[in-house]
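Below are the chains, spelled out letter by letter.
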Amino acid sequence: MKISRQGTAAAPVPKQMQRSKLRREIARHRSVYVLALIPLIYYIIFKYVPIWNSQIAFKDFMAIDGVLGSPWIGLENFRTFINSFYFWSLIRNTVMYSVGKLLISLPLSVILAIAIYECTRPGLRKVVQTLAYLPHFLSWVIMYGILLALLAPGDGVFNDVIELCGGKAVDFLSNTKTFPWVVLISDAWKEMGWSAIIFIAALMGIDVSLFEAAMVEGANSWQRVRYITLPAIAPVIVTVLILKLGTILDAGFNQIFMLYSPQVYAVGDIIDTWVYRQGLLEFEFGLATAVGLFKGVFGMFLVLFANWLSRKLTDSSLF
Amino acid sequence: MAVKVQKHLKPQIQNKKVKLTAADHVFNICVNAFMVFILIAIIIPVWSTVTLSFRPADFLGTNLEGMFLPPWDWSTDAYTALLGNDGFLDAFLNSFKILIGGVACALILTVPMAYVLSVQSLPGRKIINMIVIIPYVFNVGMIPAYLLVKDIGLIGHLPAVFLPGAISTYNCIIMRQFFVGIPNELKESARIDGCTELQVLFRIILPLSKAIVMTIGLYYGVSFWNDFFNAMLYLNDNYPLPILLRNILLASGMNEYVEVSAFGNAPVNAIKAASVFMSAIPMVIAYPFIQKYFTKGTLLGSVKG
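Sequence lines, in order, name chains A and B. Residues 1 to 319 in this note's numbering are what the first sequence spells out, letter by letter. Residues 1 to 305 in this note's numbering are what the second sequence spells out, letter by letter.
Worth flagging that the hints you see were computed from the coordinates, not collected in a lab. Treat the hints with care, as some may be off.
Stated by the list, open to error - Here are the simulated DSBU-like cross-link-like pairs (lysine-lysine), alpha carbons at most 30 Å apart as the crow flies:
(1) K21/A - K126/B
(2) K126/B - K244/A
(3) K312/A - K101/A
Stated by the list, open to error - Restraint ranges, calculated between C-beta atoms of paired labels, are given here:
(4) P122/A - A286/B: 23 to 31 Å
(5) L230/A - Q291/B: 23 to 31 Å
(6) A286/B - V95/A: 33 to 41 Å
(7) G181/B - I111/A: 30 to 38 Å
(8) R79/A - E185/B: 55 to 63 Å
(9) A286/B - I185/A: 21 to 29 Å
(10) Q199/B - L230/A: 47 to 55 Å
(11) A286/B - V127/A: 14 to 22 Å
(12) M130/B - W181/A: 40 to 48 Å
(13) F289/B - W181/A: 28 to 36 Å
(14) V208/A - G156/B: 53 to 61 Å
(15) V208/A - Q291/B: 24 to 32 Å
(16) M130/B - S31/A: 20 to 28 Å
(17) V95/A - A41/B: 26 to 34 Å
Said to hold, decoys possible - Chain A regions said to be covered by chain B (calculated; three or more residues, Cβ under 8 Å):
(18) 126 to 132
(19) 298 to 309
Model, not experiment: these values are computed from the prediction. Positions of the beta carbon are idealized from the N, C-alpha and C atoms, including for glycine.
With the hints as extra help, turn the sequences into a complete structure.
And the structure:
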């Protein structure tokens, strides 16, 4: 994504001249530094002080003693976490949700993009396009309200249909069997249109003469999708896949936080929701920070790896 | 790259010699059927919420029947109850303050940062870039951030909701990417004419970047408007809309969070659905504007090589 335009290395310049050139360059960009000042102060306060604060992962944090005053306890918090019974279930749930969302929403958004691209009815296409993007802009609180109207036992439309067909009403949101599916499908419902945009953009870059040639050669619509459209957007799919790999430990805190309840903690709890409850409801700041840090370090390696892979394979990266 | 409203996204091939085969017809039917399926899948949940909000108190049928209740039998009790409630108007006002303050703050911080990072000849640009990227890649989680907000005394004040997220590094990168794409000659000629960097930013860059600034501003606006987590953590009683909505939704018969009975005699479920709808309305109204810019902006940010 980044094109570096480094100057060509000319004949070696004497050191002194280099230094005075640098000084001149700095002087020339004085006002740029001034411009950078306020954002950089913001970064120090709001992004770096939290990193500094994260040292309480190695401390027995007491609010009274503050970050610096609390005693060091080494890796005790990490040990507590790794040895606890919820460790594997948290990891499993987190990965399950992020991988599951990817497995459902990626094919769905690719198919939606192709359908929007191929649709022969402009009216239908415009309506679907407009409506499919909209849910992305609704918050998970609103989504929760919609899901209640749809799924709640006794007053949800879904259960009415089930009962009409002779089945038994299910409390979808507090049943450990159905809850993961509610999470996965509601996420697909909300985000599929939005994730389709990037594929639609890629589709619109396809050279039409390819289709024309294929048509003359006698390829039908299915074959044209198989041999022209899909290969054309394959690099974009790979990029999206790789970049998602980097955020595999983010399973969607806002969504799960809104939808889950104590009955489904066993299948619904992810790292982030656990950190929230442990830290801010039970005031185990040190332990919660340790888990957050654990996730942060792993997440960092994943993002860096994904970024590197993306640059290697597709020549585009985030930074 | 520009997304024009055109009849077909895929350019239609006018080749009379090639006849559509049976497979082609099946393909078209499948495509259109899929589109109709998506349309229905999107509409049903929304429609069930909307009809629930208009349900009269004396309605006895199931929800399924409620979805087909004719509009002349609808009741607006839930809406009059909501709009007549002070808590709702206060929450709306708080949301609005967070939106305006947040977007202003975010743009004031993000635009200069993105511009600084786009000046290729800047000595030390790599260092500044590192300062921006490191916290993005290394996310230490919510507790250290909570401690910070607590330590600087923002708890209970509206800026606590938007200040922690006032620069999203991702948005900053997208904007920088756009600024880098503006031809260097334009900037250089302005500098030669004696413009300072501030003037280059305001006279040259910004007028050319309206679309991206609008898009990023809208991204920020949506995220601040929808935020409930920061508001829940940091605010005490000056709640914005999402928190009120959450409290209304979580209030069961026990009325733990809000007195649902304070909303008159409309049915509780109708109140819930109506507050969902009312919270979504501003976003739905703003949506056509958002849509106009975001498709452009998303493409600018993502596809650009």
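Inset, instruction - Any hints from earlier that this structure breaks? Give me their numbers in increasing order, please. - result: none
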